[in-house]
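For reference, the chains in residue letters:
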Amino acid sequence: MDPIAGLGLGFSHALSLQHLGWALLGCFLGTAVGVLPGVGPALTIALLLPITFQVPATGAFILFCGVFYGAMYGGSTTSILLNTPGESGSIITALEGARMARSGRAGPALATAAIGSFIAGTLGTLGISFLGPVVVELALRLGPAEYFALMVLCFVTVSAVLGGSALRGLTSLFFGLALGLVGIDLQTGQPRLTFGIPELLDGVNVVLVAVALFAVGETLYLAWRHVEGAQELRSVGRIMMSRRDLRRSIGPWFRGALLGFPFGVMPAGGTEMPTMLSYYTERKLAPPEAQKEFGTTGAIEGVAGPESANNAAAAGVLVPMLTLGLPTSATAAIMLSAFQSYGISPGPLLFEQQADLVWTLIASLYIANVMLVVLNLPLVGLWARILKIPQPQLYAGILVFATVGTYGISNSITDLVLLYGIGVVAMFMRRFDFPTAPVVIGMILGPMAEQAMRQALTISQGDWTVFVTRPVSLTILLLALAALAAPRLRAAWARRVAAR
Amino acid sequence: MTERHAEAATSLWPDFLVGLFVLLLGGLALWQALTIPVSPIYAQVGPKAVPCAVAAGLLVLGGGLTLAALRGGWSHGLEDVQEAPPANLRALGLLGAGLLANLALIGPFGFSVAASVQFVLVAAAFGSRRPLRDLVLALVLTLAVWFLFVEALGVNIGAGLLEGLVLRALGREMM
Numbered sequence: 001m002d003p004i005a006g007l008g009l010g011f012s013h014a015l016s017l018q019h020l021g022w023a024l025l026g027c028f029l030g031t032a033v034g035v036l037p038g039v040g041p042a043l044t045i046a047l048l049l050p051i052t053f054q055v056p057a058t059g060a061f062i063l064f065c066g067v068f069y070g071a072m073y074g075g076s077t078t079s080i081l082l083n084t085p086g087e088s089g090s091i092i093t094a095l096e097g098a099r100m101a102r103s104g105r106a107g108p109a110l111a112t113a114a115i116g117s118f119i120a121g122t123l124g125t126l127g128i129s130f131l132g133p134v135v136v137e138l139a140l141r142l143g144p145a146e147y148f149a150l151m152v153l154c155f156v157t158v159s160a161v162l163g164g165s166a167l168r169g170l171t172s173l174f175f176g177l178a179l180g181l182v183g184i185d186l187q188t189g190q191p192r193l194t195f196g197i198p199e200l201l202d203g204v205n206v207v208l209v210a211v212a213l214f215a216v217g218e219t220l221y222l223a224w225r226h227v228e229g230a231q232e233l234r235s236v237g238r239i240m241m242s243r244r245d246l247r248r249s250i251g252p253w254f255r256g257a258l259l260g261f262p263f264g265v266m267p268a269g270g271t272e273m274p275t276m277l278s279y280y281t282e283r284k285l286a287p288p289e290a291q292k293e294f295g296t297t298g299a300i301e302g303v304a305g306p307e308s309a310n311n312a313a314a315a316g317v318l319v320p321m322l323t324l325g326l327p328t329s330a331t332a333a334i335m336l337s338a339f340q341s342y343g344i345s346p347g348p349l350l351f352e353q354q355a356d357l358v359w360t361l362i363a364s365l366y367i368a369n370v371m372l373v374v375l376n377l378p379l380v381g382l383w384a385r386i387l388k389i390p391q392p393q394l395y396a397g398i399l400v401f402a403t404v405g406t407y408g409i410s411n412s413i414t415d416l417v418l419l420y421g422i423g424v425v426a427m428f429m430r431r432f433d434f435p436t437a438p439v440v441i442g443m444i445l446g447p448m449a450e451q452a453m454r455q456a457l458t459i460s461q462g463d464w465t466v467f468v469t470r471p472v473s474l475t476i477l478l479l480a481l482a483a484l485a486a487p488r489l490r491a492a493w494a495r496r497v498a499a500r
Numbered sequence: 001m002t003e004r005h006a007e008a009a010t011s012l013w014p015d016f017l018v019g020l021f022v023l024l025l026g027g028l029a030l031w032q033a034l035t036i037p038v039s040p041i042y043a044q045v046g047p048k049a050v051p052c053a054v055a056a057g058l059l060v061l062g063g064g065l066t067l068a069a070l071r072g073g074w075s076h077g078l079e080d081v082q083e084a085p086p087a088n089l090r091a092l093g094l095l096g097a098g099l100l101a102n103l104a105l106i107g108p109f110g111f112s113v114a115a116s117v118q119f120v121l122v123a124a125a126f127g128s129r130r131p132l133r134d135l136v137l138a139l140v141l142t143l144a145v146w147f148l149f150v151e152a153l154g155v156n157i158g159a160g161l162l163e164g165l166v167l168r169a170l171g172r173e174m175m
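Chains A and B, in that order, are what the protein sequence lines are.
Mapping the first sequence onto our numbering, position 371 (from 1) lands on 371, and the numbers just tick up by one.
Mapping the second sequence onto our numbering, position 76 (from 1) lands on 76, and the numbers just tick up by one.
If you're looking for bench data, these hints aren't it; they were derived computationally from the structure.
Predicted model, so just to flag it, every value in this text is computed and none were measured.
No residue lacks a Cβ here, since even glycine has one placed at the ideal position from N, Cα and C.
Just to be clear, a hint being listed does not mean it is correct.
To be verified - Pairwise CB distance ranges, derived in the manner of DEER restraints:
| no. | chain 1 | residue 1 | chain 2 | residue 2 | range |
| --- | --- | --- | --- | --- | --- |
| 1 | A | Pro-390 | B | Gly-164 | 29 to 39 Å |
| 2 | B | Val-166 | A | Leu-17 | 32 to 42 Å |
| 3 | B | Arg-90 | A | Ile-197 | 27 to 37 Å |
Said to hold, decoys possible - Keeping only pairs whose Cα atoms sit at most 20 Å apart, straight-line, the calculated SDA-like set for lysine to any residue is:
| no. | chain 1 | residue 1 | chain 2 | residue 2 |
| --- | --- | --- | --- | --- |
| 4 | B | Lys-48 | A | Leu-167 |
| 5 | A | Lys-388 | B | Leu-137 |
| 6 | A | Lys-388 | A | Pro-378 |
| 7 | A | Lys-284 | A | Met-240 |
| 8 | B | Lys-48 | B | Pro-37 |
| 9 | B | Lys-48 | A | Gly-462 |
| 10 | A | Lys-388 | B | Arg-129 |
| 11 | B | Lys-48 | A | Gly-189 |
| 12 | B | Lys-48 | A | Phe-254 |
Given these sequences and hints, build the entire structure.
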């Protein structure tokens with residue numbers, strides 16, 4: 001279906017009262033979750049997964065995407081007012097945003113973040129609407145061998161390109177792969193990695209792992225490092241941008257969106273890189289009077305650009321997830337498992353078989369953007385008040401939700417033990433700089449990759465060379481190899497240049 | 001000279017233990033993977049192949065991490081580690097106690113009781129000085145959450161001590 005017809009269909013469904021309600025709830029929850037430090041969209045969507053038992057698919061996904069986008073908006077509020085990023089994409093916003101708040105310019109900072117997020121979110125969603133069908137066309141020509149190669153590329157880029165070290169990223173990935181293997185093999189009914197424990201026959205639940213990594217592990221780490229004392233909260237002030245602020249923000253808004261979207265689409269993305277790139281770009285391009293404000297009183301360009309890049313990247317992440325079924329972030333991986341619990345597999349066929357669902361979802365994204373800018377601009381005072389919830393009760397409350405989310409699924413003490421065990425591992429992962437996203441991606445994508453590999457080998461009748469004799473598959477695998485080798489080669493070359 | 005050696009040695013230990021832990025994980029995975037019987041039909045890529053591959057991967061990575069630790073470690077250079085406040089064992093201890101209490105109490109006494117005890121201990125871990133107020137807050141929160149999940153979302157958590165009391169007070173049977 002071409003984008004215009006699709007959007008027409010989508011809006012006709014999305015504007016129903018029910019779907020508007022889900023969108024509003026999602027945006028509200030998402031912003032709250034983005035504002036609260038310690039809770040993120042991945043954890044929230046994982047905890048909301050039980051609703052898939054009751055709620056029809058379209059409504060549930062509108063809710064999840066509302067939470068997803070909302071968290072991007074909410075994260076900037078915490079960055080600016082508390083100098084504590086609400087989630088990783090807002091780290092850069094905290095640089096200039098908190099400085100602006102300290103100079104009494106919290107209002108314009110929040111305004112530029114919200115409006116920039118709106119522009120970027122809308123542009124990003126336009127990107128999804130028009131790029132999506134194109135990718136689907138290409139993807140329909142892919143077979144299991146190519147899918148396997150794509151998943152390998154995804155594994156490599158998610159663990160070895162981002163973050164500090166390929167060694168640690170790959171370890172996280174393999175940990176996730178191992179967790180994903182626990183349970184019964186689909187093709188032979190054979191139990192694997194269950195250690196003889198009957199509760200493990202069903203496998204390890206993704207909600208459990210998400211909660212363990214993001215809630216339990218995070219809280220344990222924070223307790224370990226806890227220092228008594230209150231946090232400083234800036235007051236909001238007037239949310240008005242002067243004409244000059246507006247003029248200074250427009251360039252960064254659009255540049256940030258253009259920078260952020262491709263990063264979100266690529267399976268390497270994440271939000272740290274595009275926001276950092278946007279920051280350095282804006283710093284270079286700013287006029288001299290503005291340049292003086294960077295690092296001192298806070299330059300508005302340094303908030304407008306990165307926030308835009310952040311939201312556009314978030315929109316971009318939905319492209320590979322919906323068109324190829326490839327999650328490129330922990331949140332996308334959890335949304336993927338939500339699709340699986342409805343028996344829907346995202347991928348090129350999704351646009352054909354579930355055109356209603358997909359286009360309604362995309363139309364809701366536009367609506368969510370509008371709702372979010374309304375929620376975040378005039379109502380920002382409300383969110384600032386949430387930040388006043390004292391830390392002790394906040395973290396205690398988070399763990400209550402963690403318990404109910406895990407125990408509720410299985411009523412099993414074994415699951416709680418597993419939850420705490422993985423939580424302790426996660427605490428040490430934080431301490432030793434092991435990234436957590438590859439664990440979730442490995443756990444969810446691993447079984448799918450195994451299926452694709454076995455299908456490809458069945459079709460080729462046991463011929464392993466099928467992965468390198470098919471041109472597309474070979475190209476993708478070479479790309480993965482390049483992604484793995486490139487940073488190391490570049491570092492070695494730089495060392496040689498420096499030594500000369 | 002010896003002081004620097006000593007400092008370097010102590011900063012290696014944590015990273016070294018991490019490497020060993022990953023090796024242990026790989027070993028456990030390999031042990032379990034090897035017990036999977038080979039199915040004659042799927043001799044090529046049966047259920048055994050990928051678990052063995054993942055276990056092998058973990059062993060290789062564990063080896064790499066151990067080597068990296070021996071070569072100087074990586075975590076002591078991190079900003080987070082260098083600026084870290086001293087380990088707050090009291091907070092960690094209280095938090096751990098909260099989690100264990102939840103584990104022990106949830107079976108016999110139900111969700112609300114167990115989660116409330118956990119709440120109070122966790123809040124204390126992060127510095128709360130008013131456990132009674134926290135207890136009241138916890139009871140309200142956990143009962144509300146219980147109702148939300150059971151009624152609105154249809155998830156069965158099972159009614160424990162408190163929930164049963166509340167349900168009876170509301171004049172309803174357990175569902």
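Checked hints:
{"no.": "1", "hint": "Pro-390(A) x Gly-164(B): 29 to 39 Å", "result": "32 Å, holds"}
{"no.": "2", "hint": "Val-166(B) x Leu-17(A): 32 to 42 Å", "result": "33 Å, holds"}
{"no.": "3", "hint": "Arg-90(B) x Ile-197(A): 27 to 37 Å", "result": "34 Å, holds"}
{"no.": "4", "hint": "Lys-48(B) x Leu-167(A)", "result": "25 Å, violated"}
{"no.": "5", "hint": "Lys-388(A) x Leu-137(B)", "result": "16 Å, holds"}
{"no.": "6", "hint": "Lys-388(A) x Pro-378(A)", "result": "18 Å, holds"}
{"no.": "7", "hint": "Lys-284(A) x Met-240(A)", "result": "26 Å, violated"}
{"no.": "8", "hint": "Lys-48(B) x Pro-37(B)", "result": "7 Å, holds"}
{"no.": "9", "hint": "Lys-48(B) x Gly-462(A)", "result": "15 Å, holds"}
{"no.": "10", "hint": "Lys-388(A) x Arg-129(B)", "result": "17 Å, holds"}
{"no.": "11", "hint": "Lys-48(B) x Gly-189(A)", "result": "12 Å, holds"}
{"no.": "12", "hint": "Lys-48(B) x Phe-254(A)", "result": "51 Å, violated"}
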